[in-house]
Amino acid sequence: MSMASAHSIAAVSVLAAASKQATLPSSSSSSSALYSLSSLRSKPRQQLLSLRSVALKGRVKAQAKEAEASPSPVGVGDAFSNVKHLLLPVIDRNPYLSEGTRQAAATTTSLAKKYGADITVVVIDEEKRESSSEHETQVSNIRWHLSEGGFEEFKLLERLGEGKKATAIIGEVADELKMELVVMSMEAIHSKYIDANLLAEFIPCPVLLLPL
1183 MSMASAHSIA
1193 AVSVLAAASK
1203 QATLPSSSSS
1213 SSALYSLSSL
1223 RSKPRQQLLS
1233 LRSVALKGRV
1243 KAQAKEAEAS
1253 PSPVGVGDAF
1263 SNVKHLLLPV
1273 IDRNPYLSEG
1283 TRQAAATTTS
1293 LAKKYGADIT
1303 VVVIDEEKRE
1313 SSSEHETQVS
1323 NIRWHLSEGG
1333 FEEFKLLERL
1343 GEGKKATAII
1353 GEVADELKME
1363 LVVMSMEAIH
1373 SKYIDANLLA
1383 EFIPCPVLLL
1393 PL
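Reminder that position 8 of the sequence shown reads as 1190 in this note's numbering, one-by-one numbering, no gaps.
Calculated directly from the structure, the hints in this document are not laboratory data.
For every residue, glycine included, the Cβ atom is placed at its ideal position computed from N, Cα and C.
Take the hints with a grain of salt, since some may be wrong.
[Claimed, not checked] Below, in silico cross-link-like pairs of lysine-lysine (DSS-like), each with a Cα-Cα straight-line distance of 30 angstroms or less:
hint, residue 1, residue 2
1, Lys1337, Lys1295
2, Lys1296, Lys1360
3, Lys1346, Lys1266
[Said to hold, decoys possible] Label pairs and their in silico Cβ distance ranges:
hint, residue 1, residue 2, range
4, Ala1382, Asp1300, 22 to 30 angstroms
5, Leu1391, Tyr1297, 13 to 21 angstroms
6, Met1368, Pro1277, 19 to 27 angstroms
Turn these sequences into a full structure, and let the hints guide you.
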């Protein structure tokens, strides 16, 4: 770069700086101008926020009125608080009990312990077992699982299907002993031991079906 062009660039820079200093307002007027601009920009946002706040308050009030108007739901505990006799059907070919039967046993003992109810277990077989050892093993496992839940004493019944549907047998036992709740796993329905369409027809008390 030549000395002449360097001088000309320096001169242009100085002129630009001088021009900027001449046109800029004082610090106080500059700050007030910036403040007024900022306030103008913020007003629409403040108005929007206030509108949102009003809308939110209105929504909260509406939800509060709905909550007051709608009755509080009945809890599960309230539904079982008057139950004093539970029936646990065991329709299981596994002498060591399937997962669904174990789940039903645990739920039955938990409910009975909480609400001071008695337990009756009915073991239903379609036909007499060839091996008595399998039957004894199953009964022993039933006793063990109920004792794990805190129940050493309970009534144990045994019924043979002999062509009769298991659902009908459960209904007969529930009716004879005035049962107030039957506890079963959905496994019995999935395994085709129980026909879900016949539950309401044969069983005279509520049935608690536990999901797998």
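Restraint check for Lys1296 with Lys1360, where alpha carbons must lie at most 30 angstroms apart
20 angstroms, holds
Taking the beta carbons of Met1368 and Pro1277, is their distance inside 19 to 27 angstroms?
At roughly 22 angstroms between Cβ atoms, Pro1277 and Met1368 fall inside 19 to 27 angstroms, so the hint holds.
Does Lys1266 sit within 30 angstroms of Lys1346, going by the straight-line distance between their CA atoms?
It holds: about 28 angstroms lies between the C-alpha atoms, which stays within 30 angstroms.
Is 22 to 30 angstroms respected by the C-beta to C-beta distance linking Ala1382 and Asp1300?
24 angstroms, holds
Measuring from beta carbon to beta carbon, are Leu1391 and Tyr1297 in 13 to 21 angstroms?
Taking Cβ atoms as reference, Leu1391 and Tyr1297 lie about 19 angstroms apart, which means the hint holds.
Just to be careful, I want the Cα atoms of Lys1337 and Lys1295 compared with a cutoff of 30 angstroms; is the pair within it?
15 angstroms, holds
Checked against the numbered hints given earlier, the structure satisfies every one of them.
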